[in-house]
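Residue numbers for the sequence shown follow my numbering, so the first one is 1 and each next one is one higher.
The set of hints was computed from the structure by calculation and includes no laboratory data. There may be inaccurate statements among the hints.
Derived lysine-lysine pairs resembling BS3-like cross-links, with alpha carbons at most 27 Å apart [what the hints assert, rightly or not]:
#: 1; residue 1: Lys189; residue 2: Lys249
#: 2; residue 1: Lys249; residue 2: Lys198
#: 3; residue 1: Lys35; residue 2: Lys55
#: 4; residue 1: Lys35; residue 2: Lys253
#: 5; residue 1: Lys269; residue 2: Lys253
#: 6; residue 1: Lys33; residue 2: Lys4
#: 7; residue 1: Lys269; residue 2: Lys198
#: 8; residue 1: Lys189; residue 2: Lys253
#: 9; residue 1: Lys4; residue 2: Lys269
#: 10; residue 1: Lys33; residue 2: Lys52
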Amino acid sequence: MVYKLLAIDIDGTLLRSNFRIDRETREAIDYVKGKGVYVTLASGRSFPSTQKIAKALKLDSYLISHNGGFIAQSVDDPIYERRIKTEEAYKIADILENYECHIRMVHERFAVGNQMRQKSQLVAKLTLSTGDPLFYPVTFTENLAEHVLTQDISPPKIDVQFFDENEKKSAENYVKTHFPNYEYTSSSKCHFEITAQKVTKGAALKVLCERLGILPHETVAIGDSYNDKDMIEYAGLGVAMANAPEEVKKCAKWITRTNDQLGVSYMIKEVFRKQMRSQIIHK
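Working from the sequences, and respecting the hints, build out all of it.
Pasting the structure below:
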């Protein structure tokens, strides 16, 4: 099998636990790019944050961000975008503001969060934990729902972080009951994300492949979290990180090492080196 596209998740996959990219990983991506493979990133991060990582890797490809809600090379020229309508975002925020949680409306140009009635240090930690670079504007407001409505904000994604797992379960069940047609995913026990109907990384990868004329069996996708599941299932070769939950590993055809053990570069060398050898033998 000759693979033509490689889609890589960022957090927990491409990046180490200290949020750095290893030299070996950079070299492996350069290697596979040099062989004509289209390399893209598929992340739950905002587009500016995803693009920053792409620039560090010298990628000029279309990028999948917001868990599949926004695909673009440039923020001004998306080839695909799916948003949560302003009225719906308002209603969801109005519900969630009754819980002890940090809510963030994640737009491709900015983010708006609720102002927590907690210590300022805690708010700062929540802000930094999202992976957004400093140049990405983040505003905090006392009444998030009202702000969404008055500013006419239609976010590609809503990010919600809790302090208690039971509180998270209660809020998620309530929101799912009242908004059943949205997509819900989670990367930790006290966190969940909301995107518009049928917006997932797998659906976005399908859109990108169709635009590039690449068939599903010609793709490799690698990730570590629940929001990577359908992308891993869609790809011809779905790869899970060793640090992924068991449920995600079960969806994969191959499991590589952890993100702190050069899992991405190991996978690239194992999969694409064999591919290039087979091409040479065939010729």
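>> Given the hinted pair Lys35 and Lys253, is their Cα-Cα distance within 27 Å?
In response: holds (23 Å)
> Lys4 and Lys269: Cα distance at most 27 Å?
Replying inline: holds (15 Å)
>> Tell me if the straight-line CA distance from Lys35 to Lys55 falls inside 27 Å.
In response: holds (19 Å)
> Within a Cα-Cα threshold of 27 Å, do Lys33 and Lys52 meet the stated pairing?
Replying inline: Given pair Lys33, Lys52 holds - Cα atoms ~18 Å apart, limit 27 Å.
> Hey, Lys33 versus Lys4, does the alpha-carbon distance stay inside 27 Å?
Replying inline: Cα-Cα ~10 Å, so holds.
>> Need the status of pair Lys269, Lys198: alpha-carbon distance at most 27 Å?
In response: violated (33 Å)
> Given the hint that Lys189 pairs with Lys253, does the C-alpha gap stay at or below 27 Å?
Replying inline: holds (25 Å)
> Keeping to a limit of 27 Å between CA atoms, is the pair of Lys189 and Lys249 held or broken?
Replying inline: holds (18 Å)
> Does the structure keep Lys269 and Lys253 at a Cα separation of 27 Å or less?
Replying inline: holds (17 Å)
> If you draw a straight line from the CA of Lys249 to the CA of Lys198, is it 27 Å or shorter?
Replying inline: holds (22 Å)
In summary, the structure is inconsistent with hint 7 from the numbered list given earlier, while agreeing with all the others.
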